[in-house]
Amino acid sequence: MPIIKNQRILENTWTFVEDDAPLPAGDITVSAKRWTEDKAALLQHTGKLGVRLAPADNVAALGDDLPVIKLIELNFPAFNDGRTFSQARLLRSRYGYQGEIRAIGNYMTDQVFYLHRVGVDSFEFNNPKDMALALSAIKDFTIRYQASTR
Amino acid sequence: MYQYNEQDQTLIEERVTQFRGQTQRFLNGELGPDEFRALRLMNGLYIQTHAPMLRVAVPYGLLASRQLRMLAKVARDYDKGYCHFTTRQNVQYNWPSLDRVPDLLAELATVQMHAIQTSGNCLRNTTSDHLAGVCVDELEDPRPYCEIIRQWTTLHPEFAYLPRKFKIAVSGSEHDRAAVQLHDIGVYLVRNETGEIGFRVLAGGGLGRTPIIGQTVKPFLEKKYLLSYLEAILRVYNLLGRRDNKYKARIKILVKETGLEKFTALVEEEWLQIRDDMLLGEDRIAAMQAQFTPPAYESNANSDTGLAQRLTDDAAFAKWFKYNSVDHRISGYRAVFVSLKAPDSPPGDIGADQLDALANLADDYSFGEVRSTHRQNLVLADVKHADLYSLWQRLDALKLATPNIGTVTDMICCPGLDFCSLANAGSIGVAKEINQALDDMDYIHDIGDIKINMSGCMNGCAHQSVGHIGILGVDKKGEEWYQITLGGSSENEAAIGDRLGPSVAKHQITESITRILDVYVQHRLEDETFLQTVKRVGLEPFREKVYANH
Ligand code: SF4
Chain A
1 MPIIKNQRIL ENTWTFVEDD APLPAGDITV SAKRWTEDKA ALLQHTGKLG
51 VRLAPADNVA ALGDDLPVIK LIELNFPAFN DGRTFSQARL LRSRYGYQGE
101 IRAIGNYMTD QVFYLHRVGV DSFEFNNPKD MALALSAIKD FTIRYQASTR
Chain B
151 MYQYNEQDQT LIEERVTQFR GQTQRFLNGE LGPDEFRALR LMNGLYIQTH
201 APMLRVAVPY GLLASRQLRM LAKVARDYDK GYCHFTTRQN VQYNWPSLDR
251 VPDLLAELAT VQMHAIQTSG NCLRNTTSDH LAGVCVDELE DPRPYCEIIR
301 QWTTLHPEFA YLPRKFKIAV SGSEHDRAAV QLHDIGVYLV RNETGEIGFR
351 VLAGGGLGRT PIIGQTVKPF LEKKYLLSYL EAILRVYNLL GRRDNKYKAR
401 IKILVKETGL EKFTALVEEE WLQIRDDMLL GEDRIAAMQA QFTPPAYESN
451 ANSDTGLAQR LTDDAAFAKW FKYNSVDHRI SGYRAVFVSL KAPDSPPGDI
501 GADQLDALAN LADDYSFGEV RSTHRQNLVL ADVKHADLYS LWQRLDALKL
551 ATPNIGTVTD MICCPGLDFC SLANAGSIGV AKEINQALDD MDYIHDIGDI
601 KINMSGCMNG CAHQSVGHIG ILGVDKKGEE WYQITLGGSS ENEAAIGDRL
651 GPSVAKHQIT ESITRILDVY VQHRLEDETF LQTVKRVGLE PFREKVYANH
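Protein sequence lines, in the order shown, are assigned to chains A and B. The first sequence begins at 1 in the working numbering and counts up one residue at a time. The second sequence begins at 151 in the working numbering and counts up one residue at a time.
One thing to keep in mind: the hints can contain errors.
Which bits of chain B does chain A cover? Going by a derived footprint, with three or more residues having C-beta under 8 angstroms, they are [claimed, not checked]: (1) 152 to 166; (2) 218 to 231; (3) 291 to 304; (4) 384 to 393; (5) 550 to 556.
None of these hints come from the bench; they were simulated from the model. Quick caveat: nothing in here was measured; it's all calculated off a predicted structure. Even glycine gets a Cβ: it sits at the ideal position worked out from N, Cα and C.
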């Protein structure tokens, strides 16, 4: 499925691996739990590594691993779970995370402007029709009253 | 009053465009009802019993006359010719149709008004003292800080999907007229031992189902840290506030369940990491203060001699003067309350013609500005002594001069069963009945300062739990009943009222209130207010009388 990255539509190259599944080849993301428990094995993997976070996951726990984590997926179980926004902001502003942060799951194109501002730079949608809307929603506002990631 | 710059204007126009698109997608079936619900709420739009209800923001209660005229126009063109002022100093329309709301918002934007974040689980309108800048007991004008907070809260990207709604109030005077302690965050301007002015910050207050009085988390905060401290509280709340149960999702529950000490430690820890990156510069504060400089008061306003004569000659005017106007920090001026509590009209309601006329009065007598109060009245804040008599006559002709501010008929009342789909019971009708029972102005003035707050359900939009007398509509097997509390207060000595006893039926509520007033009159000591009497004698005498042969 295509994604939006840095405001362009691209093909997704990443695969999420369930906690009990064997690691496929290529770029993979795993849960925070698997990351902590299985780190040594994961670091042997030849593709790129990423972590998928749920809203309750504490981003501080990724700590020193951030340089090897190339993608962090922030998963919305429901669009109104606003913890995701703080997770992204903290990753960028406090922990200086430079890799890709991707919004996934059940969220709305109408939230893309805010997500972009707190540091999310790629977007995957359940419904591909949302992509065109999302590309314009990133630019819903030209005015910013607060400091944020951007 | 704050003047919008080009950026401010662009932002509200972009918001209208965004909402127009969202409404269109909803009407086309491209946006689900749950999603649209969250989005429309953040533009103040509820779906009510009869029609959508739209809540328009009045930041910290300040309105220019051109904005009043627009409110009147909207009332005529999109509603049934009136609107309603709320306890958060905002304005509500009860009858706009959904498809026309984007047009309505576009019209509001032409006079720098909007409905951004007036509802939903987000940062709401910041409220303040309706006498800010003119009262005699003020340490510093809170409005520049309110505007700084307004801008910070507007479209804050991180805090738009909070566990629950979030309300901030700021007060700069000795007498708390803004119910600061009953807000998610309350801010008092205070002076520390070294004479520096800063903020005392409270958190965890709130009304609704579980009313709780806010607690101090920061006894003294330097001004430059205002926004970083707010951001720290919000981040802690956004990450840790409960999202599993909407009745436990307010910050007051987080503070309670975490414990004040631990909660404060979490906030401080967060704050220390961000405070140096988000300093509020002195230049920014000074620039904002320059937006709220005093109007051009006439230096000879206090040489007027006519007022004293009018007060002696005209008893009706004297009464209005006593109840509906207060001292001003400039000699020769007074702040005037415009009562929206005429006996035959729902509390807080005002008609389009009244709005237009009031806009003219504001232009003629009060530098073109009007303020809304959290007790659902309006204020003309800067009226010269020499103008008071003619202003009174004109207000009286508009039915806006009922001399009842701060009295028992100055009730706070939510829309209740008449408009609100969440209501258990009517409130407007009860207010009317109580008004009819208390038709003797002399009696009303004799019993003095009594605040009745009445809500149609547990959500407590009319703050019944902090009313001196609180009335709460409850549903008993499909019938409207009312629970009474006594002894609440939202002012400096904030307190949650105590339940008097079992709820009473609709036909008994008015008599219950009159009986409560009788007990007060019977027991009061000289000069004792209702609240003082309740504190001294306790609930028992009231109980006995109210429940005798009910
Ligand atoms: S208190 Fe209840 S009935 Fe009254 S306006 Fe609020 S939600 Fe509606």
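Here is how each hint holds up against the structure:
1. 152 to 166: It holds: at least three residues are needed, and the segment 152 to 166 of chain B offers 6 whose Cβ sits within less than 8 angstroms of chain A.
2. 218 to 231: The restraint on the segment 218 to 231 of chain B is violated, since only 0 of its residues have a Cβ under 8 angstroms from chain A and three are required.
3. 291 to 304: Since three or more residues must qualify, the claim that chain A covers the segment 291 to 304 of chain B holds, with 3 doing so at under 8 angstroms.
4. 384 to 393: holds (count 4)
5. 550 to 556: Since 0 is below three, the answer is violated.
In summary, the numbered hints that this structure violates are 2, 5.
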